[in-house]
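There are 2 protein chains.
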Amino acid sequence: MIGSMPVDARTLLHELTKEARDLDIGNTVARVSASQLTSLVFYRDFVSRNKPVVITGAIDHWPALQSWTMNYITERMGEAKISVARTPHGRADSVVRLDGSQYFALPEEEQMPVQEFFTSLCRENSGEVIYAQAQNNSLPEEFGPLLKEVADLEWATLAFGTNPEATNLWIGGDDSMTSFHKDHYENMYAVVKGRKVFTLLPPSDAYRLYFQTCTVAQYRRNATGKLHLEPEEPSRGLPWATVDPYPPSDEQMEASKLAHPEYWDPDLPPPLQVVVGPGEVLYLPSLWFHHVRQEARADVCVIAVNFWYEMAFDCKAAYAKLADQLAAELHSNSHAN
Amino acid sequence: MIGSMPVDARTLLHELTKEARDLDIGNTVARVSASQLTSLVFYRDFVSRNKPVVITGAIDHWPALQSWTMNYITERMGEAKISVARTPHGRADSVVRLDGSQYFALPEEEQMPVQEFFTSLCRENSGEVIYAQAQNNSLPEEFGPLLKEVADLEWATLAFGTNPEATNLWIGGDDSMTSFHKDHYENMYAVVKGRKVFTLLPPSDAYRLYFQTCTVAQYRRNATGKLHLEPEEPSRGLPWATVDPYPPSDEQMEASKLAHPEYWDPDLPPPLQVVVGPGEVLYLPSLWFHHVRQEARADVCVIAVNFWYEMAFDCKAAYAKLADQLAAELHSNSHAN
Numbered sequence: 013m014i015g016s017m018p019v020d021a022r023t024l025l026h027e028l029t030k031e032a033r034d035l036d037i038g039n040t041v042a043r044v045s046a047s048q049l050t051s052l053v054f055y056r057d058f059v060s061r062n063k064p065v066v067i068t069g070a071i072d073h074w075p076a077l078q079s080w081t082m083n084y085i086t087e088r089m090g091e092a093k094i095s096v097a098r099t100p101h102g103r104a105d106s107v108v109r110l111d112g113s114q115y116f117a118l119p120e121e122e123q124m125p126v127q128e129f130f131t132s133l134c135r136e137n138s139g140e141v142i143y144a145q146a147q148n149n150s151l152p153e154e155f156g157p158l159l160k161e162v163a164d165l166e167w168a169t170l171a172f173g174t175n176p177e178a179t180n181l182w183i184g185g186d187d188s189m190t191s192f193h194k195d196h197y198e199n200m201y202a203v204v205k206g207r208k209v210f211t212l213l214p215p216s217d218a219y220r221l222y223f224q225t226c227t228v229a230q231y232r233r234n235a236t237g238k239l240h241l242e243p244e245e246p247s248r249g250l251p252w253a254t255v256d257p258y259p260p261s262d263e264q265m266e267a268s269k270l271a272h273p274e275y276w277d278p279d280l281p282p283p284l285q286v287v288v289g290p291g292e293v294l295y296l297p298s299l300w301f302h303h304v305r306q307e308a309r310a311d312v313c314v315i316a317v318n319f320w321y322e323m324a325f326d327c328k329a330a331y332a333k334l335a336d337q338l339a340a341e342l343h344s345n346s347h348a349n
Numbered sequence: 013m014i015g016s017m018p019v020d021a022r023t024l025l026h027e028l029t030k031e032a033r034d035l036d037i038g039n040t041v042a043r044v045s046a047s048q049l050t051s052l053v054f055y056r057d058f059v060s061r062n063k064p065v066v067i068t069g070a071i072d073h074w075p076a077l078q079s080w081t082m083n084y085i086t087e088r089m090g091e092a093k094i095s096v097a098r099t100p101h102g103r104a105d106s107v108v109r110l111d112g113s114q115y116f117a118l119p120e121e122e123q124m125p126v127q128e129f130f131t132s133l134c135r136e137n138s139g140e141v142i143y144a145q146a147q148n149n150s151l152p153e154e155f156g157p158l159l160k161e162v163a164d165l166e167w168a169t170l171a172f173g174t175n176p177e178a179t180n181l182w183i184g185g186d187d188s189m190t191s192f193h194k195d196h197y198e199n200m201y202a203v204v205k206g207r208k209v210f211t212l213l214p215p216s217d218a219y220r221l222y223f224q225t226c227t228v229a230q231y232r233r234n235a236t237g238k239l240h241l242e243p244e245e246p247s248r249g250l251p252w253a254t255v256d257p258y259p260p261s262d263e264q265m266e267a268s269k270l271a272h273p274e275y276w277d278p279d280l281p282p283p284l285q286v287v288v289g290p291g292e293v294l295y296l297p298s299l300w301f302h303h304v305r306q307e308a309r310a311d312v313c314v315i316a317v318n319f320w321y322e323m324a325f326d327c328k329a330a331y332a333k334l335a336d337q338l339a340a341e342l343h344s345n346s347h348a349n
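Heads up: the protein sequence lines correspond to chains A and B, in order.
Position one of the first sequence corresponds to residue 13 (our numbering), numbered consecutively onward.
Position one of the second sequence corresponds to residue 13 (our numbering), numbered consecutively onward.
Hint data in this document are derived by calculation from the structure and do not stem from the laboratory.
Please note: incorrect hints may appear among the correct ones.
As the list makes no split between identical chains, a pair holds if one copy fits it or if it spans any two.
[Unchecked claim] EDC-like cross-link-like pairs, simulated, lysine to aspartate or glutamate; straight-line CA separation at most 16 Å:
{"id": "1", "residue 1": "Lys93", "residue 2": "Glu153"}
{"id": "2", "residue 1": "Lys333", "residue 2": "Asp34"}
{"id": "3", "residue 1": "Lys93", "residue 2": "Glu122"}
{"id": "4", "residue 1": "Lys333", "residue 2": "Asp36"}
{"id": "5", "residue 1": "Lys333", "residue 2": "Asp195"}
{"id": "6", "residue 1": "Lys194", "residue 2": "Asp336"}
{"id": "7", "residue 1": "Lys93", "residue 2": "Glu121"}
{"id": "8", "residue 1": "Lys93", "residue 2": "Glu128"}
Put together the whole structure using the sequences plus the hints.
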């Protein structure tokens, strides 16, 4: 039996990236009107192809689009407490470099009434950033009083053939950012207020995100009341994407271009960027890597509702695993050399 | 810039094979009743997953199921001529080894009235095998008088969102065999008479078929009237699968196990085999490798109608290309060592 067959993983992965884009994905996310979409057409043209799309006019009937001001939500929610994530910088669940180590930084978690949450959100220069980002079916679990202001996406439920596994509400300001990650769900992401900026790469492009094992740590208050990063005990490692697509300084951009050349390579198709505004729904396909920013502007906060549907674990999932394996080979050998 | 990164193509491909089977494909082709299938369910559960299925009860209304005897077809077709493929052995469009060379053997092509075709088919020990296998939209093009005996698969057309690109009629006996190949179409394959035996491998398993470049040749009659294989001029090479899943002798089986170990490897999932009988429709997904045999028995010939629908050139096609490239790497290195 013959042993290792050398293969040029970089060439294969670059060709895969380009082939997928040239054949189908393209470089921009299409927009379609809900009136042009039946469940079958949605499934055939997008879900089956694992291809994102923004659907307009699908949630025009949601009372939330008109009613969800901070005052209204505060009034409806009363004293009910919600889960809030807190970090010094707005980058919960992301890679933080500290003292020469690379951490996966979990946020501090607390419960607070909505009024306190909004007050804090409006406060400038607080030195801390809060985000309502609980992903535990938070819409019915924590925001029950708001449930009747939104409605199920019946045509999506019909298409997927199953009810959503979870429905979550997200409220955050411009300082909050969600780092690159993927979910084992089909995701219908509806924006109610403000704008969400998604930066996307398909599953084939795992190698461009430079996954590395990071030490899991959590933000906690120290004795002086300041947030600091505490490594978990016992120590735990978690592979996470180390690319920041929006380096906050020129120096960090230059550093990223050196450390993460496949992400920035001008010969490769760029990540897809799509802005999703009020009343719009992004179909974010299973296993797509996504980075999320907010653009609240005068709205102060961005409010969104997402529906997670069970994904089909089919050949596309098997191929995504192959892409992950080729990525790991590519980068482990880079380090070896 | 770092060069080639060593990667074990064999390990990656074996894992891909097993993952795809374990996640979704399994080891047998499912059977579902047409009454349980809407266009959406068909697309979601099978087409989207690039997964074969046999549908029963979908063509019960075809008059052909009752009327298509050889006499009836002969009467309806009159003097009209059909395209017939002829070989010494029934293996048209397959790899033939002759005088130490490997050929891709095209059949001799001729036109003959249906009555002559059926008479030849019924004749035993003729030393030649004929098969009506023209794939040029032959049902309307050559068998027009039979068109009203069958009907479109409306639910499939709805599902694919497009009319078939071609509809073909196939008539052949037990000696005819179609070698492993793939088509860039979605295929709905309806059996009217007799049984078809399909041996299937998904696109990920290209490496198990040992594609090699063969010299294209065609059977022609020589001066003594015997069929012989004539290489094309100018010489042309065509990559084709060299595995015969049904070696006709013990020696050839042993030789195949040595030459094509990945095909026969007991640690890998076996190719899927499915028998499609009268009134049944096989959904044969795009890019799946398929080998086809006939089981006519008392029926003398097997008659089938297939509908080719345009496939979606999406990420699944990009991944299939990657699987082909890894297969080529694996086998080129095998030869180098």
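> Among all the numbered hints in the text so far, which are the ones the structure does not match?
Replying inline: Those not satisfied: there are none.
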